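Start from the sequences and build out the full structure, keeping to the hints where you can.
Heads up: the protein sequence lines correspond to chains A and U, in order. Mapping of the first sequence onto the numbering used here: position 97 corresponds to residue 85, and the numbering continues sequentially without gaps. Mapping of the second sequence onto the numbering used here: position 49 corresponds to residue 51, and the numbering continues sequentially without gaps.
There's no promise every hint is true.
[To be verified] With a cut-off of at most 30 angstroms between alpha-carbon atoms, the simulated DSSO-like pairs for lysine-lysine come out as follows: (1) Lys69(A) <-> Lys19(U); (2) Lys59(U) <-> Lys56(A); (3) Lys85(A) <-> Lys56(A); (4) Lys19(U) <-> Lys71(U); (5) Lys69(A) <-> Lys59(U); (6) Lys56(A) <-> Lys71(U).
Just so you know, the hints here were simulated from the structure itself, not pulled from any lab data. Treat the numbers as computed from the prediction; the structure is a model and nothing was measured.
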Amino acid sequence: GQNIDQPTEMTATEGAIVQINCTYQTSGFNGLFWYQQHAGEAPTFLSYNVLDGLEEKGRFSSFLSRSKGYSYLLLKELQMKDSASYLCAGEPNRDDKIIFGKGTRLHILP
Amino acid sequence: EAQVTQNPRYLITVTGKKLTVTCSQNMNHEYMSWYRQDPGLGLRQIYYSMNVEVTDKGDVPEGYKVSRKEKRNFPLILESPSPNQTSLYFCASRGGGDNEQFFGPGTRLTVL
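This is the structure in structure tokens:
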């Protein structure tokens, strides 16, 4: 099967920048998603990358390298409300079968 | 308001008692999915549907059934629930040409 790997937990400081990495088998995915999930809530969509490169959306950016099976989510100017889990997910084909990584819990320190 | 709704939000039941969790979306989305989320295992897809009468298995379909008779509804059926199906369940939908998947608020199921 296709696995998606991401760190279990990370800690960063308010105002700083943090990069959350995600790796997967290169035989893999049509596109890569990033979702944010606050404790006790449903996931919310952050980004979708299908082409190599960096896509910026406000304080959040997402990068994809298909040849390396690698993606990252970059969060700038961290705020306390960014404390959440960040889920990387891949879509093998464009048919709504989606495989999620186990998520990275991000702790923000004041 | 565009949304995905699930009912019930919380359910405690006993082993073997059939139950249905309903999911409805008002965005005319083609794609709908069911996931379960467990500590340490993340979100795992149970079933997905690309349109009415088109459903397919995700990664963990055992013990579950779904149906898609109407575009807006995608119920999840547990014919004979067991304790290992205790979990947090999410329904989600998105348009066929869209990237953003919208999640329902979740259903916390406990099977005793």
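Tested hints:
About 40 angstroms separates the Cα atoms of Lys69(A) and Lys19(U), which puts this hinted pair outside 30 angstroms; it is violated. A hinted pair counts as satisfied when its Cα atoms are at most 30 angstroms apart, and Lys59(U) with Lys56(A) qualifies at roughly 29 angstroms. At most 30 angstroms may separate the alpha-carbon atoms for a hinted pair to count; Lys85(A) and Lys56(A) meet this at roughly 22 angstroms. Distance restraint check for Lys19(U) and Lys71(U): the Cα-Cα separation of roughly 23 angstroms lies within the 30 angstroms cut-off, and the hinted pair is therefore satisfied.
Taking the CA atoms of Lys69(A) and Lys59(U), the gap is about 35 angstroms. The hint is violated against a cut of 30 angstroms. A hinted pair counts as satisfied when its Cα atoms are at most 30 angstroms apart, and Lys56(A) with Lys71(U) does not qualify at roughly 41 angstroms.
The structure shown violates the earlier hints numbered 1, 5, 6.
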